[in-house]
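Using the sequences and the hints, build the whole thing.
Quick note, the sequences are listed as chains A and B, same order.
Using the UniProt record's numbering, you'd call the opening residue of the first sequence number 1 and step up by one each time.
Using the UniProt record's numbering, you'd call the opening residue of the second sequence number 1 and step up by one each time.
Do not rely on the hints blindly, as some may be mistaken.
Claimed, not checked - To give an idea of the interface, some chain A residues facing chain B are shown, with a C-beta separation under 8 Å as derived from the structure:
#	residue
1	Ala88
2	Phe141
3	His142
4	Thr143
5	Thr151
6	Ile155
7	Ala161
8	Asp162
9	Arg166
10	Leu240
11	Arg243
12	Gln287
13	Trp289
Said to hold, decoys possible - Covered stretches of chain B (in silico footprint by chain A; criterion: 3 or more residues with CB under 8 Å from a CB of chain A, positions within the stretch not fixed):
#	stretch
14	145 to 151
15	154 to 168
To be verified - In silico BS3-like links for lysine-lysine, alpha-carbon gap of 27 Å or less:
#	chain 1	residue 1	chain 2	residue 2
16	A	Lys92	B	Lys66
17	A	Lys185	A	Lys15
18	A	Lys15	A	Lys188
19	A	Lys15	A	Lys66
20	B	Lys92	A	Lys66
21	A	Lys92	A	Lys185
Honestly, the hints are just simulated from the structure, not real lab data.
Cβ atoms here follow ideal geometry from the backbone N, Cα and C, with glycine treated the same way.
There are 2 protein chains.
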Amino acid sequence: MHILVLGAAGMIGRKLVGRLLADGQVGGRPISRLTLFDMVEPTAPGGSVPADTVAGDLAAAGQAAKLVADRPDLIFHLAAIVSGEAEADFEKGYRVNLDGTRELFEAIRLVGDGYRPRLVFTSSIAVFGAPFPPDGIHDEFHTTPLTSYGTQKAIGELLLADYSRRLFFDGIGIRLPTICVRPGKPNKAASGFFSGIIREPLNGQEAVLPVPETVRHWHASPRAAIGFLMHAASMDTARLGARRNLTMPGLCATVGEQIAALRRVAGDRVANLIRREPDETIIRIVQGWPETFSARRAEALGFRAERSFDEIIRVYVEDELGGRLPA
Amino acid sequence: MHILVLGAAGMIGRKLVGRLLADGQVGGRPISRLTLFDMVEPTAPGGSVPADTVAGDLAAAGQAAKLVADRPDLIFHLAAIVSGEAEADFEKGYRVNLDGTRELFEAIRLVGDGYRPRLVFTSSIAVFGAPFPPDGIHDEFHTTPLTSYGTQKAIGELLLADYSRRLFFDGIGIRLPTICVRPGKPNKAASGFFSGIIREPLNGQEAVLPVPETVRHWHASPRAAIGFLMHAASMDTARLGARRNLTMPGLCATVGEQIAALRRVAGDRVANLIRREPDETIIRIVQGWPETFSARRAEALGFRAERSFDEIIRVYVEDELGGRLPA
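Written as structure tokens, this is what we have:
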């Protein structure tokens, strides 16, 4: 099968391509070709599967049509301007996250002639906005985003469901939890500390915690996220009915529970590298974020996340540190 | 104040313009000018308020910018391709209902310079799709439309909330119940019988009932709908917070209750003009429609609908038949 990955140069995109090459197949069908697309040209993967890499602007006229002209059997649409940038640059966010998505969906529709690929779209828990139900966000809670990014993702979900209903493609939208532990350098995202307080100490560096330990949030590892994508690519979508967008399972943990897990996995010396430095701006932003979910539908459909924060930390140590804890 | 009405030639649009001229003011501010827009040129209203009538395509380049160039203080956006047509003509539905709405919102944003009109958008209960909660659709139920029309309205709601949050305009979206009793000729809409079984007998004609009397639905009169629009135009939107889209109150009635009300208001001879002729296609379509709602938020914010189907029938007799029942 021919697989198209949009957003292939991002953290999730690169890990997904690695998994596709390692598996060599999706749902029992061998992978014969990859097309990897992003705003910056993705790195060509090694291995025996032919892979084209393409840099471009998905919202530009004709770009999406070119990408689907060879009728890829499976499309992963991960491409997006992130939350902070979509909020800072209104026009760019709508152009990439809404127009880009719509151009892709339209290009697929206009191929016609029975073409109906599986399309996996990464949405986000940012489609939800406070106030939330006290017992967590259930599968029938309304989407009232409080950011332009969340709005664009919620619109993408609606389009995906309608295009799927009209049989233009076989779509599934997956709302990712906050991905933790994100590998790489610290970034300026307000949510950065959730990963930073684990990642920096495990790399022997101090981390700043800007919020109280009572803050609760919804996490899944990068490895779990790739698992969601692979399951969405191969599952029987007839089981979704008309409701094609799913909140993914995750792990609800307080910052205090994150730190206790780090202490259990890596010891006091590592955990003591976290410095408390409350930041009122971040505290206020985080108050509007979802704390916990009841993702029953996705669980019943076979999606699986970690069951403890210790496990999330061990995934990071295995996948990013070659299994080695700091001495 | 200068008021722009988009969709001014439709049934609701014409009644709204009549009410605006009769009132002469909105929320205590005198109306100084009207601009009436539709795909076909709206009829120029009589009266002392200057009114421009414009025919055009809201999605066409530059049309929306022209309409908002004079900075109307209040905009009613009622323009839409109806459900059946949006389903039959996919491209036309998205062009008018999504692109047209987005062009309007963008045109307002691009005026800039502190321009921030009140914008009232008519959405629909078609944003909801079965299966529904057994106790009715509450204010936090998710929007999973089962038509392209419902999808386009749900996207309009999301855009309205985001543009309002960004302070580009002061928006409010109102989800109208099925409007009953619609005046005029019978139409081919699957929902047509809800009005037809009341309207035709009151005009001395036979009506066909294609569904069982147990079918429940959610109704409001045209007069109530105009009341919703006027309240949305003048209310304090600070009370909405970030959640700018509201399910309007209505009356839940079975077809049997509709007929019993007709019998009470107009007598046996009129009610006996309803002929039962089950239509399996319509029965199946209607099964996917909402039956009842709990519209607590809108009620708490002062929106009011009829409290009995007898009242809905009396509104029709007063507003369309000059108060005269058939002899």
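How the hints compare with the structure:
1. Ala88: violated (12 Å)
2. Phe141: holds (6 Å)
3. His142: For A:His142, the interface hint holds, since the closest Cβ of chain B sits about 5 Å away, which is under 8 Å.
4. Thr143: Check passed: Cβ of A:Thr143 comes within 6 Å of chain B, closer than 8 Å.
5. Thr151: holds (4 Å)
6. Ile155: Cβ of A:Ile155 sits 5 Å from chain B, so the hint holds.
7. Ala161: holds (7 Å)
8. Asp162: For A:Asp162, the interface hint holds, since the closest Cβ of chain B sits about 4 Å away, which is under 8 Å.
9. Arg166: holds (7 Å)
10. Leu240: violated (11 Å)
11. Arg243: It holds, given that the least Cβ distance between A:Arg243 and chain B is near 5 Å, below 8 Å.
12. Gln287: violated (14 Å)
13. Trp289: violated (14 Å)
14. 145 to 151: Our answer is that it holds, as 4 residues pass the Cβ test (under 8 Å) against chain A, meeting three.
15. 154 to 168: holds (count 8)
16. A:Lys92 x B:Lys66: This hinted pair holds, its Cα atoms lying about 24 Å apart.
17. A:Lys185 x A:Lys15: holds (16 Å)
18. A:Lys15 x A:Lys188: Judged against 27 Å, a Cα distance of about 22 Å means the pair holds.
19. A:Lys15 x A:Lys66: holds (25 Å)
20. B:Lys92 x A:Lys66: It holds: about 24 Å lies between the C-alpha atoms, which stays within 27 Å.
21. A:Lys92 x A:Lys185: Holds: A:Lys92 and A:Lys185 sit about 24 Å apart, inside 27 Å.
Consistency note: the structure conflicts with the earlier hints numbered 1, 10, 12 and 13.
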